[in-house]
Amino acid sequence: MLIKNDESCNSEKTILRYQENGIADLLASDWYGIMLLSPGGRVYLDNYNDIHGIGNDVPLEFVRNCVEWDSLIHNKSMTYTYKEWNFLIYSIRQTDKGNCVFFLHCRKDKPFDARDVKWYELYSAVGQQRVLLENELIQEKNYLNSILESSEGCIAVVDEDNNIVSANDEAKALFGNNLSQTPSGEMLSLIKAVKQVLSQKEKIVLPRMIVNGTENEFGFSIYKFILTPLRSSKGRVGCVVVVATDITHDFINKRRATQRQNFRMAGNINFETAKEMRTPLMNIEGCASLLTDAVGDNKDSKELLTYIKEEVNHILQINNRMLSFSNLTQENTYGQIDVNEVLKNCVSALYTQRTKKKLSIETKMDADLPLVRAENADIQQIFFNLLFSAFDNAKEKGKIQVDSHYDDQAGEIVVDFEHEGSGNVLDDRQLCLQINGREKGQIDIPFLMAKKMVLDCGGQLFTQEREDGGSVRTVKFPCS
Numbered sequence: 122m123l124i125k126n127d128e129s130c131n132s133e134k135t136i137l138r139y140q141e142n143g144i145a146d147l148l149a150s151d152w153y154g155i156m157l158l159s160p161g162g163r164v165y166l167d168n169y170n171d172i173h174g175i176g177n178d179v180p181l182e183f184v185r186n187c188v189e190w191d192s193l194i195h196n197k198s199m200t201y202t203y204k205e206w207n208f209l210i211y212s213i214r215q216t217d218k219g220n221c222v223f224f225l226h227c228r229k230d231k232p233f234d235a236r237d238v239k240w241y242e243l244y245s246a247v248g249q250q251r252v253l254l255e256n257e258l259i260q261e262k263n264y265l266n267s268i269l270e271s272s273e274g275c276i277a278v279v280d281e282d283n284n285i286v287s288a289n290d291e292a293k294a295l296f297g298n299n300l301s302q303t304p305s306g307e308m309l310s311l312i313k314a315v316k317q318v319l320s321q322k323e324k325i326v327l328p329r330m331i332v333n334g335t336e337n338e339f340g341f342s343i344y345k346f347i348l349t350p351l352r353s354s355k356g357r358v359g360c361v362v363v364v365a366t367d368i369t370h371d372f373i374n375k376r377r378a379t380q381r382q383n384f385r386m387a388g389n390i391n392f393e394t395a396k397e398m399r400t401p402l403m404n405i406e407g408c409a410s411l412l413t414d415a416v417g418d419n420k421d422s423k424e425l426l427t428y429i430k431e432e433v434n435h436i437l438q439i440n441n442r443m444l445s446f447s448n449l450t451q452e453n454t455y456g457q458i459d460v461n462e463v464l465k466n467c468v469s470a471l472y473t474q475r476t477k478k479k480l481s482i483e484t485k486m487d488a489d490l491p492l493v494r495a496e497n498a499d500i501q502q503i504f505f506n507l508l509f510s511a512f513d514n515a516k517e518k519g520k521i522q523v524d525s526h527y528d529d530q531a532g533e534i535v536v537d538f539e540h541e542g543s544g545n546v547l548d549d550r551q552l553c554l555q556i557n558g559r560e561k562g563q564i565d566i567p568f569l570m571a572k573k574m575v576l577d578c579g580g581q582l583f584t585q586e587r588e589d590g591g592s593v594r595t596v597k598f599p600c601s
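Position in the sequence shown (from 1) plus 121 gives the number in our numbering.
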């Protein structure tokens, strides 16, 4: 693929190639060189080889006196005899400015005959095609190098031994010299994919894979890998082109947007359901109250009606939580946020979620905390996700402790989410367990989204592991 037609040649390499191929000996040349003639008659000597020391004066004088610009334009090759010297001219090309570039051979013993001219035309035509091919290869190489260096992604060529044959700087930083030498075997899925491409000779896409130790706010990145077989001129696949794109922020933002949309949909459904439930429940409660007065001293009937009213109250509590969740998910304002109020609502709204593992939630919230300037929906989503993370990682029948206080020295509101021991505790680095689901393991997506949102709000989120296997997730919000 020649991006731009470039017929230029390196005169030094051309003269050297003539020497190596013995062209001067075949033509019995005493002198040969590459020259240029302008439309105005100016003569330039680009490069030459003075084999028998005749000097440059004779060739230059001959060109000035005998060679016309028009003749170079309309004739590929010409022979001349000037004084006692014989000359062979072979026109190479015309530059953008109209200058004619040509070869000039000079010898003294005999004129150049038709056989010399024919042979030289054939050799020069092949040589020129070689120059064009070399230029095309050089340009294509430069073109590919430009792509490698300008791409923000990682581009590498990997051989069957997992060696990095060629790569841009980003890929060198990610892969090193060999995929097998990356720490903790985290490239195992990629190595398997490379082998699969080499054997099946088909493109493979790994939509999501975690890589540790990258320089971002998480300490790891989520990459999308596209692997394509690299074929030789004979069609053999000996290497694989690997293109890796960091999709960490896109992945989190998409999950974040989807989750917020799902919250709103669930809120709408809860609102409609709670509204439909409320009137019948109030009717049942009213009827039970009327019947209590009507049954008089009938003990069994009173106990039954009391039980009915208690159950109605229990359902009304659930109904209130549904309405609370609905109202919570519909709020989307930016301003001064009461962190404790949002936290209480989130804990209340997720009451049924905690009952799945028979968890208990205890809260200890300092009163009169300063307000935080943020978007209400962001703070809600942060707390929802940290609670989801705690629910997932806490042990059966465990306890989740949620505390809040004000750090007056740092000027920050601190919220701690602490849960008791679990075999699934993931710290910031250990979050990287198989997001693509190809191997055993798990990733704490709620924590990942919460961390991204906390950082976007200008806060901090970090994890401390406990000796019993539990952990404490600490959020810090700067106060307004």
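Incorrect hints may have been included.
[To be verified] With a straight-line cut-off of 30 Å between C-alpha atoms, the simulated BS3-like cross-links for lysine-lysine are:
(1) K518 <-> K465
(2) K239 <-> K293
(3) K262 <-> K345
(4) K204 <-> K262
(5) K355 <-> K322
(6) K516 <-> K597
(7) K375 <-> K478
(8) K375 <-> K313
(9) K262 <-> K293
(10) K293 <-> K134
(11) K262 <-> K396
(12) K239 <-> K229
(13) K485 <-> K520
(14) K479 <-> K520
(15) K324 <-> K262
(16) K316 <-> K293
(17) K396 <-> K478
[Said to hold, decoys possible] The calculated label-pair distances, taken between Cβ atoms and stated as ranges, are:
(18) T484 <-> Q585: 15 to 25 Å
(19) T379 <-> K324: 22 to 32 Å
(20) E588 <-> G532: 54 to 64 Å
Hints in this document: simulated from the structure, not taken from any laboratory. Every residue gets a Cβ at the ideal spot worked out from N, C-alpha and C, and that includes glycine.
> Honestly, which of those hints from before does the structure not fit?
Replying inline: 2, 4, 10, 11, 20
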